[in-house]
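Engineer: Sequence:
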Amino acid sequence: MSSRSAEQVIEEHSASGKYVNVDGVKTFYLDRGQGEPVFCIHGVPTSSFLYRKVLKELEAKGLRGIAIDLPGLGLSDRPEDFDYSFPNFAHFCARAAEQLGLKRYHLVIHDIGGPIGFALAAQNREKILSLTILNTWIEVDKFQKPLPMRPFEKPVLGEAQLAATTHTTWQLLFKTMGVSNSDPIPTEEINAYVDLLKRDDGGKAFLKIMRNFDHSAAFRELCHKAVQDVPYPVQAVWGAEDPALDYERYGEEIKQVARLKEVHKLPAKHFLQEDQWKAIAANIAAIATKK
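All residue numbers for the sequence shown refer to this note's numbering, where the first residue is 120 and numbers rise by one.
Where hints are given, some of them may not hold.
[To be verified] In silico PhoX-like pairs for lysine-lysine, Cα to Cα no more than 25 Å straight-line:
1. Lys137 / Lys172
2. Lys397 / Lys374
3. Lys380 / Lys261
4. Lys384 / Lys294
5. Lys172 / Lys397
6. Lys384 / Lys409
7. Lys246 / Lys137
8. Lys246 / Lys344
9. Lys180 / Lys246
10. Lys175 / Lys294
11. Lys222 / Lys344
12. Lys246 / Lys222
13. Lys327 / Lys317
14. Lys317 / Lys264
15. Lys344 / Lys264
16. Lys323 / Lys145
17. Lys137 / Lys222
18. Lys246 / Lys374
19. Lys175 / Lys246
20. Lys264 / Lys374
21. Lys327 / Lys145
22. Lys172 / Lys384
23. Lys273 / Lys261
24. Lys180 / Lys397
25. Lys409 / Lys380
26. Lys384 / Lys397
27. Lys344 / Lys374
28. Lys409 / Lys175
29. Lys145 / Lys317
30. Lys397 / Lys137
31. Lys384 / Lys264
32. Lys261 / Lys374
33. Lys145 / Lys246
For the record, the hints were derived by calculation from the structure and aren't laboratory data.
Produce the complete structure using the sequences and hints provided.
Structural biologist: Structure follows, in structure tokens:
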């Protein structure tokens with residue numbers, strides 16, 4: 120049994136990263152290794168914490184791994200007046216990359232970081248060295264949130280659901296939706312996700328994000344531009360046991376839209392970075408060598 124607490128896990132996580140000011144938003148980021156940069160964008164209800172193992176593995180493979188906390192999540196600021204829309208997040212990530220001195224970079228995207236990252240890539244094609252897509256969606260106009268996440272869309276119900284998201288309930292959801300049982304994640308690390316989500320504002324910014332998804336046809340077309348007729352290689356790496364964003368629908372959609380010959384399937388659920396970080400890093404390193 121571990122002697123660490125979730126608070127100690129977060130303290131260690133915080134000490135392993137740095138902060139950068141991006142357009143007035145104090146933004147937390149992890150930055151490990153040397154070599155070509157790999158810029159990783161997380162989803163909800165997570166943060167850069169989800170990429171901590173992937174970045175270490177990228178460092179071991181001679182790459183520089185970077186992951187920021189999006190505004191409203193993790194250890195970054197949660198401004199009440201911030202525009203928590205996907206298009207603005209894409210703009211923010213582009214500005215964060217600039218602030219971190221990333222002239223060109225490999226891009227890794229997951230969950231809501233998918234649509235955000237697609238928009239970022241489409242608007243900054245000349246800066247993208249490669250694109251690695253983890254469990255996400257691209258047909259934004261047709262997307263419906265997985266059942267466990269839908270209550271967060273609704274006023275009052277969302278607040279109640281957030282209040283009911285505790286260490287105990289999150290443990291169950293995390294193990295059901297997020298990870299396989301083959302490589303157990305320490306309890307205190309699972310609990311850290313809840314504390315990072317609710318930090319400072321009780322999760323109010325998270326609710327704004329959940330109520331601000333972009334379902335427009337124009338945004339779908341922008342996402343498509345990130346994977347079609349692009350000057351960089353594109354790959355998809357999928358947790359094939361994901362009950363939320365299942366491969367049969369979402370993985371196949373991305374395979375077709377991006378015109379991929381194959382998708383690299385891993386024995387993992389939604390948070391594949393937790394138990395398949397070595398395979399993810401290996402696939403990123405492999406595509407990074409394709410010039």
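Engineer: Against each hint, give a clear statement of whether it holds in the structure.
Structural biologist: Okay, the hints, checked on the actual structure:
Taken as a hint, the Lys137 and Lys172 pair is honoured in the structure, with Cα atoms around 17 Å apart against an allowance of 25 Å. Of the pairs offered as hints, the one joining Lys397 and Lys374 holds, with about 22 Å between alpha carbons and a cut-off of 25 Å not exceeded. For a cut-off of 25 Å, the pair hint linking Lys380 to Lys261 stands: about 24 Å separates their Cα positions. For the suggested pair Lys384 and Lys294, the alpha carbons sit about 19 Å apart, so the restraint of at most 25 Å is met.
Between Lys172 and Lys397 the alpha-carbon distance is near 8 Å, which keeps this suggested pair within the 25 Å criterion. With a CA separation close to 20 Å, the supplied pair Lys384 and Lys409 stays within the 25 Å bound. Using a Cα cut-off of 25 Å, the hinted pair Lys246 and Lys137 holds, with the two alpha carbons roughly 23 Å apart. Under the criterion of a C-alpha separation no larger than 25 Å, the hint pairing Lys246 with Lys344 is consistent with the structure, at around 14 Å.
For the hint pairing Lys180 with Lys246, the CA-to-CA distance comes to about 22 Å; that is within 25 Å, so the pair holds. Between Lys175 and Lys294, the direct Cα distance comes to roughly 23 Å. Compliance with the 25 Å bound is thereby established for this hinted pair. With a C-alpha separation of about 20 Å, the suggested pair Lys222 and Lys344 falls inside the 25 Å cut-off, and the hint holds. A distance of roughly 6 Å separates the Cα atoms of Lys246 and Lys222; the hinted pair therefore holds under the 25 Å criterion.
Under the criterion of a C-alpha separation no larger than 25 Å, the hint pairing Lys327 with Lys317 is consistent with the structure, at around 13 Å. Pair hint Lys317 plus Lys264 holds up; C-alpha atoms about 20 Å apart against a cutoff of 25 Å. At roughly 23 Å between alpha-carbon atoms, Lys344 and Lys264 fall within 25 Å of each other, so this suggested pair holds. At roughly 17 Å between alpha-carbon atoms, Lys323 and Lys145 fall within 25 Å of each other, so this suggested pair holds.
For a cut-off of 25 Å, the pair hint linking Lys137 to Lys222 stands: about 19 Å separates their Cα positions. Simply put, Lys246 and Lys374 have alpha-carbon atoms about 23 Å apart, close enough for the 25 Å limit, and the pair holds. For the hint linking Lys175 to Lys246, the alpha-carbon distance of about 23 Å falls within 25 Å, and the restraint holds. With a CA separation close to 20 Å, the supplied pair Lys264 and Lys374 stays within the 25 Å bound.
Of the pairs offered as hints, the one joining Lys327 and Lys145 holds, with about 19 Å between alpha carbons and a cut-off of 25 Å not exceeded. Between Lys172 and Lys384, the direct Cα distance comes to roughly 19 Å. Compliance with the 25 Å bound is thereby established for this hinted pair. As the CA atoms of Lys273 and Lys261 are separated by approximately 19 Å, the hinted pair is consistent with the 25 Å bound. Note on Lys180 and Lys397: the hinted pairing holds, with a Cα-Cα distance of about 10 Å set against a maximum of 25 Å.
Between the alpha carbons of Lys409 and Lys380 the distance comes to roughly 16 Å, so the proposed pair stays at or under 25 Å and holds. With a C-alpha separation of about 13 Å, the suggested pair Lys384 and Lys397 falls inside the 25 Å cut-off, and the hint holds. Distance restraint check for Lys344 and Lys374: the Cα-Cα separation of roughly 14 Å lies within the 25 Å cut-off, and the hinted pair is therefore satisfied. As the CA atoms of Lys409 and Lys175 are separated by approximately 22 Å, the hinted pair is consistent with the 25 Å bound.
Restraint check for Lys145 and Lys317: satisfied, since their Cα atoms lie roughly 17 Å apart, inside the 25 Å limit. Of the pairs offered as hints, the one joining Lys397 and Lys137 holds, with about 24 Å between alpha carbons and a cut-off of 25 Å not exceeded. A distance of roughly 22 Å separates the Cα atoms of Lys384 and Lys264; the hinted pair therefore holds under the 25 Å criterion. For the hint linking Lys261 to Lys374, the alpha-carbon distance of about 16 Å falls within 25 Å, and the restraint holds.
A C-alpha spacing of about 24 Å is found between Lys145 and Lys246, which places the hinted pair at or below 25 Å, so the restraint holds.
Of the numbered hints given earlier, the model fails none.
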